[in-house]
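Protein chains in written order, with the working numbering: chain A, 642 to 1516; chain B, 642 to 1516.
Simulated from the structure, these hints should not be mistaken for laboratory data. A few of these clues could be false.
Copies of the same chain are indistinguishable here, so a pair counts whether it falls within one copy or spans any two.
[Stated by the list, open to error] Straight line, CA to CA, 35 Å or less: simulated DSBU-like cross-link-like pairs of lysine-lysine:
#1 1024 <-> 703
#2 726 <-> 1487
#3 946 <-> 1024
#4 1289 <-> 1124
All of these numbers come straight from a predicted model, not from anything done at the bench.
Residue-level listing of the chains:
There are 2 protein chains.
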Amino acid sequence: MTKYVYMFSEGNANMRDLLGGKGANLAEMTGMGLPVPQGFTITTEACNRYYDEGRVISEEIKQEIVDAMREEEERTDKVFGDPEKPLLVSVRSGSRASMPGMMDTVLNLGLNDEVVEGLAKLTDNERFAYDSYRRFIMMFGDVVMEVHKDLFEDELGRIKAEKGIVDDLDLSAEDMKRVAANFKAIYEREKGEAFPQDPMVQLMESIEAVFRSWNNPRALFYRQMNNIPSAWGTAVNVQEMVYGNMGETSGTGVAFTRDPATGENVLYGEYLMNAQGEDVVAGTRTPFPISHLQEQFPEIYEEFKKYGDELEVHYGDMQDLEFTIENGKLFVLQTRSGKRTASAALKVAVDMVAEGILSREEAILHIDPSQLDALMHPMFEDKALAAADQIAKGLPASPGAASGKIVFSADQAFELAKEGEKVILVRDETSAEDIHGMSAAEGILTARGGMTSHAAVVARGMGKCCVAGSSEISIDYAKGTMKADGRTFNAGDWISLNGSTGTVYAGQIATKEAEQSDDFVTVMEWADEFREMDVRANADSGHDAQVALNLGAQGIGLTRTEHMFFDPARIFSFRKMIVAKDEETRRNALEAILPDQQQDFLEIFRVMDGNPVVIRLLDPPLHEFLPQEEAEVRELATNLNMEYDELKSIISGLSELNPMLGHRGCRLAISYPEIAEMQTKAIIGAAIEATKEGVRVIPEIMVPLVSDVKELEYLNGVIKPVADKMIAESGVQLAYMVGTMLEIPRAAMTSDEIALEADFFSFGTNDLTQMGYGLSRDDAGPILDTYYEKGIFEADPTAHIDRAGIGRLMRISCEDGRRARPDLELGICGEHGGDPYSVEFCQMLKLDYVSCSPYRVPIARLAAAQAALRYPRNK
Amino acid sequence: MTKYVYMFSEGNANMRDLLGGKGANLAEMTGMGLPVPQGFTITTEACNRYYDEGRVISEEIKQEIVDAMREEEERTDKVFGDPEKPLLVSVRSGSRASMPGMMDTVLNLGLNDEVVEGLAKLTDNERFAYDSYRRFIMMFGDVVMEVHKDLFEDELGRIKAEKGIVDDLDLSAEDMKRVAANFKAIYEREKGEAFPQDPMVQLMESIEAVFRSWNNPRALFYRQMNNIPSAWGTAVNVQEMVYGNMGETSGTGVAFTRDPATGENVLYGEYLMNAQGEDVVAGTRTPFPISHLQEQFPEIYEEFKKYGDELEVHYGDMQDLEFTIENGKLFVLQTRSGKRTASAALKVAVDMVAEGILSREEAILHIDPSQLDALMHPMFEDKALAAADQIAKGLPASPGAASGKIVFSADQAFELAKEGEKVILVRDETSAEDIHGMSAAEGILTARGGMTSHAAVVARGMGKCCVAGSSEISIDYAKGTMKADGRTFNAGDWISLNGSTGTVYAGQIATKEAEQSDDFVTVMEWADEFREMDVRANADSGHDAQVALNLGAQGIGLTRTEHMFFDPARIFSFRKMIVAKDEETRRNALEAILPDQQQDFLEIFRVMDGNPVVIRLLDPPLHEFLPQEEAEVRELATNLNMEYDELKSIISGLSELNPMLGHRGCRLAISYPEIAEMQTKAIIGAAIEATKEGVRVIPEIMVPLVSDVKELEYLNGVIKPVADKMIAESGVQLAYMVGTMLEIPRAAMTSDEIALEADFFSFGTNDLTQMGYGLSRDDAGPILDTYYEKGIFEADPTAHIDRAGIGRLMRISCEDGRRARPDLELGICGEHGGDPYSVEFCQMLKLDYVSCSPYRVPIARLAAAQAALRYPRNK
């Protein structure tokens, strides 16, 4: 029979999945002999069963709870509900992953009209007893029974005002009695029934409330943001109360074993005397810094410090502790790994290795790779931010901070930036046409699209701040205005974006630059030592490649050649190519592009000397490169010496109902092999030139969107003869590879065939996810919102690889591909390449490398090291 | 070592894959002792090696050919190239599948300036010798060396004109000499070298030409149409010549053992005396019917008849024979299964069973299921068709024949049809909005889209004639004109469509109705006895369901509920639902639709009494239901009491970049559960009503576009409570199922999870193919054309299931789904359900049923029977 309730003395830290983090740590501290108020934990399995059985706690589990309560009564020689020797408890949530503040807590449970009197007698402290009661009534009412907290707080405020006092401490015992009585009246009025007097009813209702709170909106949102499965459930901890509000030798506080902001090895925290936990958080009284305790109660301070050090060594991590002092006696109520800033995380890790607390492997595993992102981008200055005027929220699509003047078109952004203006490009959505403007802007704000919309993907690639899909703004291009927060903003008005949080502010906010500390460098060196996969970057220019190299990239996993065509100086030739009516015109237009493209590649090769560079052949649908607005079409027609109607009909002929499933990827090169020929010439030409300069070049030509081996076979027949001839004629030694971007479900299914024609696969998980789910990343936004809301999706599959479905396609592809061709190089160049959860999966698949946007390279390096430590390759 | 050349005496009919059909049958007839001119076959593997090695015949194979030639010389006591006793041969292609007229043939090979003189002496027939020589020069020039045939024919015509004669037979020996000399001069002029005199050179060049012809454009097209893999290659047959042009007791002809048009058991064919094979085909001389041979040479006729009967029994099939009479001696040159009309195929099968030649199983396997299609639809009368004025070609999207007046809008089609006019709806493409017009029209013609474009799919579902994607027409909606064949057609002009061939004609053409013969009924009864899978139909109305039932459907595999909303009487309420800003308005609008929808289902249930009916919940993106043109939007706004701008903004808000990957399928019902509720009410309400009437109803509610089990879980939570409550309240006994359309790659990958929430999977292979290939069926047309042209695709994956990729997804889904839930019902409702090749694959997967459009039910029944005979289920 499954056991659903564990006494603290029965558990330990390894039972985290079952007991939740808090419960497991309480059990562990109990085992270590720390002064922990005792109690028991109701398991996460009980929570799951609660939901499975239609939101009821089964009789079997209830009986276990009652039994545990009896055991607790025996241990303490107190009785639940007995005014003579009352047992009072707290009920707290605690899930496997830390979800601070997301779920509910009830304190002082077990009090009723009789017990409170008993407690007053027993402690000889009526004020304390009624203070505890009124707190309990409010928490139970608010948390368990959904009576709005404000009703109680307003009443408390009213009584304080009546008495002309400010601090709760100044309320007398009589006042507290009155507060408690009025709170009960509010409860009865709101619920239509009296406040429950049976402690066992209070307990069961509170436990159920904690189970329920697992699915409250903020918990759902937190899980979605942090990729925590709903199936984990929460445990519930029932613990004997100790009281920080018993008088002047009682108190309560929280502390970190090191400074969570800087990582400095110093006890850091705050406390309040004669208070319960929520008073520290609520901010009605100003707590003291923990250092003050050293002066006030040096022995207690030393004892606490000793426990902190002990726990830090025991857990091998900086701890976040809660404690209570009851009549001069110290109790530790909770310990957990402390949340910390990115730079603190690095410092703590490096220090703990130096202190001999952690091995380097352990230190690496203790750092959350996603945190590093914050270190890579400029941020707003803290002070400036505090005063900032928030006007909208959107998706945190690409991190960093930026201020600039609003512009509504890419051309305008490009022009103004050329004149030295700082601009923010504001669009409903962006398209490939807008690249030059995006590149010129300080940041990008869009009203539509998700985390993998065009704006988001391109911005991340550029390392540019972007807030995407902000439904709270509405743009009127014609008027040149944006509405947000009920206000109207005009082109030229200053706004600021925080791409790390998705926040939009009015006005200009001062920023500070990113910097890399020594700790950062140390941690990265360790990571590189442990990891088994290479980390490459997605970069489209020599500049981006240099950024990536500086951040530790070992090659380029994806160069998108199309971005190179949007340069205003080149787009004309490219458009000429697209609308050409015969091969010769097309070839001539391509010839005009060739030198520029070759120069781009040459710059990347030079930077990446000795490292591989994957270059993808032209990918997006051609109509993306053509203008849509009448004036632009007219201008282009004039420049091309073409009738307007003719050009317009060519453009509309190229439009498709579902461009994502249309004439793009290798389909372009198959229709127009001369494009692939030109691109091969540019790649191999640049590689030969670089080789002659003494640069070591390892070009990998990547054919996108292959669904059938014959596509690749055909294009190998176009690419290789051109490349081989050039190399032979040049006289240099140059090896190159031709492979495919594995991004179509059918390609995954036929990987054994495709591997025979491919030197490498690079998983294009953006498209693989899109096609695999049948869900367009550009249209997914509102659908995903609904899905989160209804609990259907817990995380955005475009942000974290869906291991069950899309991951299975990848696994089959890896297995079949390697079986057909043991030396097949396998990598990933989709957006997932910079996501730690996805990087871990790539390690499980034994990929050779991951590739991500330049600024995510450190994250990928650390994530790859962690993955290698967790899932070593068994070479 | 692989053997590449087989003497006829070494082979037999079972070696078809290696020797091709012709070679295997020549070998078989040799074994049977029939008078077959002897020779040898170069295998299909030699052809494949020819291509693999870059289009050269390897020395090894050449040597085998030379050796075989030597053996032939010994057997015949003739010598290749020796004027004294010349060995002359024909060189003919012959692939595994019959591809009549697609590849090349060379006759009289071995003749040169010397040998022709020898032949003249030997036969004492100078005219015959030079007639043969000039034929050889022309064929070799045309077929092998690409000298255009017209050059030779013009020269022959010139000489005949000069001499004032019409019939080749009137040319004298001297004339023939002159023709041959002039032909050689033409050859030399065109090729820049003399006509080759070395017979071995002639032979090798000709063999290579046959290999080459495997990939000529008409062969490629034929293979694509008939789903024949390029990898099969062609064999080459080298056979001693016998001569039908040696004089009045020589001749040549072709004959079927039964009438290929009617199936009647009578020798049917034609012949010419003093002629070679191509004369019979060329039509320059009018051949005699074969019955005439009975009078002219009764003994030869009887001998030939005997061989025909013998071969028919031996092969168990009607044969198509070629024969030559050389100086009164009969030779059989070829036998193969005879092509026949659909009705002939049925009659031959039924007769042969009655005659004891075939078992019923064998008879079933001898009929091509695709042929039955022709029996299901009205056709043009043969005479009327002969005089028809063809103006364009398009894709044969939905079979049948239709004439009507051109209309350019669905509304107009609907209005005119109501007035009793016959109309053809002509559109660039159709969308869900056009359904009422499509339904009202006699036929549909579109300028864009492929075999699975909207127009094609819907038309096939309706059993309505459709020519799709005719790039030869161009439509100007504004002017109300269509251009084709350089002419302009106006709205109201008559045109005619042949949806079976994709041909468009000007004017009205008389049609004849389809009829089902006794043979058809007999064959269908046999098929039903053998098959293991059920055959259901896709039908959206009681009428379609009745058609399907009449054609043998055992249930409905797909009812598309959205088609019901396009009825002009209902669309308003539906549009009101779509643009509703709150749930209540949406619910009210849905309530208004409910009675109509319920009535639709009731009619289907009544027809399908005792058979299952799968009803799919609303599937297409909502914006498909809204008007796009300004006038219509304005009208709707007025009717909805809404501002034009507001409605317009709602409509544009619903538009998506890739609607196929957007807000459709179950995503609609998840966003608006009230839609699923209303549809459940309509389905279960109708089922209850029908049950009360005494009808046995088996409703299966199908949730489309599921990619994750949680979607289905959520909708089960919407559907089942509504359904269960209604059934409980009604007091009737009613079982229903809830399952999913399996059409998303990720759903296939996670079928084990999904099966736990689904009573059935129905493979939606249209979308599965679309998503699996990343190729939109609406945009695929031009891409597929390029792919066929370049040999990348050999067949349209939307027409025949791609077994390697999409099929593998299905296989994984079946296996995982059944493992999770052994009683899972598995079916297919995509367009592939009516395609024999795909039906066979479904049998391999052991599906429970296939479902197809009503008019394809007989095809599916026969195909399922054949598949069961070939791949029995091992129950």
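Against the structure, the hints come out as follows:
no.: 1; hint: 1024 <-> 703; verdict: neither (52 Å within a copy, 88 Å between copies)
no.: 2; hint: 726 <-> 1487; verdict: neither (62 Å within a copy, 72 Å between copies)
no.: 3; hint: 946 <-> 1024; verdict: within (32 Å within a copy, 105 Å between copies)
no.: 4; hint: 1289 <-> 1124; verdict: both (33 Å within a copy, 19 Å between copies)
Consistency note: the structure conflicts with the earlier hints numbered 1 and 2.
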